[in-house]
Amino acid sequence: MTTSDSLYLAHHFDDREQQREAMTLGMWVFLVTEIMFFGGMFLAYAVYRWRFPEGFAEGSKHLDMILGTVNTGLLLVSSFTVALAVHAAQSSRGKAVAWLFGITILFGLAFLGIKGYEYWHKFHEHLVPGPHFRLLDPHNPQVDSRQVEIFLSLYFAMTGLHAIHMMIGIGVFVVMIVLAWRGRFSSEHYAPVEVVGLYWHFVDIVWVFLYPLLYLI
Amino acid sequence: MAHESVSRRTYIVVFAALMVLLTASAWVAQYSFGEWNLVVAVGISVAKTALIMLFFMHLIHASRLTRLIALGGLLWFGFLIILTFSDYGTRGWRSDALPEYHERAVDRATDRMSLPITR
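Chains as they are written, first to last, in the numbering used here: chain A, 1135 to 1351; chain B, 13 to 131.
With the rest of the complex left out, here is chain A (with noise of 0.2 Å):
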């Protein structure tokens, strides 16, 4: 048993592949339970749609798509960094990801800013559901605006939830770049790298159906 073993091997566990096994197969149970509390939000975002296909076409219409394809692009290169900073932890070069994990959080920051921006604009607009909720300019004259507040209400209800989920991602971050200065992950050792990277990608997974099923239909 080397130091590393005795430092980072928890006594319940015979060795670390066991250790490394036994945190990832966690994670994928609580992405799991993840997928079914964002899967019934996505469910009634299904049912209003089927319902209410003219309001949901309207509302969809308010949202800007640039900035929408931008995000999409910010998370995809934010996992892209996360896949490589676990390559980095595998390969024991912890100031690499430390480097990548800051990266990461740029992206992420970048992304909630777009956000932060897109959400501003909603409240300028009349467009958060709401009493003070107007459909001032619709596109389509004959939509009943209480459709599209109920679209905006699980725009607003989805990305938020996301967006939650994001902050926490970063703040775990910010504690994994601390640990990973200070060389805690090796070769030997780097299950919680991967364990908050599978979080982050997850989260990512969440805006590609997000991205479609709001912005661009």
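Honestly, the hints are just simulated from the structure, not real lab data. It is possible that some hints are incorrect.
Stated by the list, open to error - Partial list, computed: chain A residues near chain B (C-beta under 7 Å):
| # | residue |
| --- | --- |
| 1 | T1206 |
| 2 | L1210 |
| 3 | A1217 |
| 4 | I1311 |
| 5 | L1350 |
Only a predicted model underlies this, so the values are computations on that prediction, with no experimental measurement involved. Note that beta-carbon positions come from the ideal geometry of N, C-alpha and C, so glycine has one too.
Assemble the complex: chain A is given as a structure, and chain B must be docked to it using the hints.
Just chain B now, with coordinates in the frame of chain A:
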């Protein structure tokens, strides 16, 4: 034993493929395929997700148990959608729940009410 890992080259290829798919989804959104719009858009998202899950999330080298759990999550989401829509989608199948039935009922009621006026 250290498990197999995805090479940096593979990550770069997967990332390039994701960017191509993103461009494709933004590009095809300019065209209207009618009811196929949703299928095309979600289809591209499924392709992106498959790439992310297999390579970025390492499912391609993961243990069978891990793959089973991941697949289970998707399967249950499928149940959620399919069972809900087999409810909502078939509610109109009861003749007295058809919108036309209610319209007819309203028409009959209006007819009855307007009888004294029209005659």
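Here's how the hints hold up against the structure:
Checking A:T1206 against chain B: minimum C-beta separation of about 6 Å stays under 7 Å; hint holds. Proximity of A:L1210 to chain B holds as hinted, the smallest CB-CB distance being about 5 Å (cut-off 7 Å). Here the hint on A:A1217 is kept, as its CB sits about 5 Å from the closest CB of chain B, short of 7 Å. For A:I1311, the suggested interface contact is broken, since its CB lies about 20 Å from the closest CB of chain B, more than 7 Å.
The beta carbon of A:L1350 is positioned within 7 Å of a beta carbon in chain B (closest approach about 4 Å), and the interface hint is therefore held.
The structure fails hint 4 only (numbered hints given earlier).
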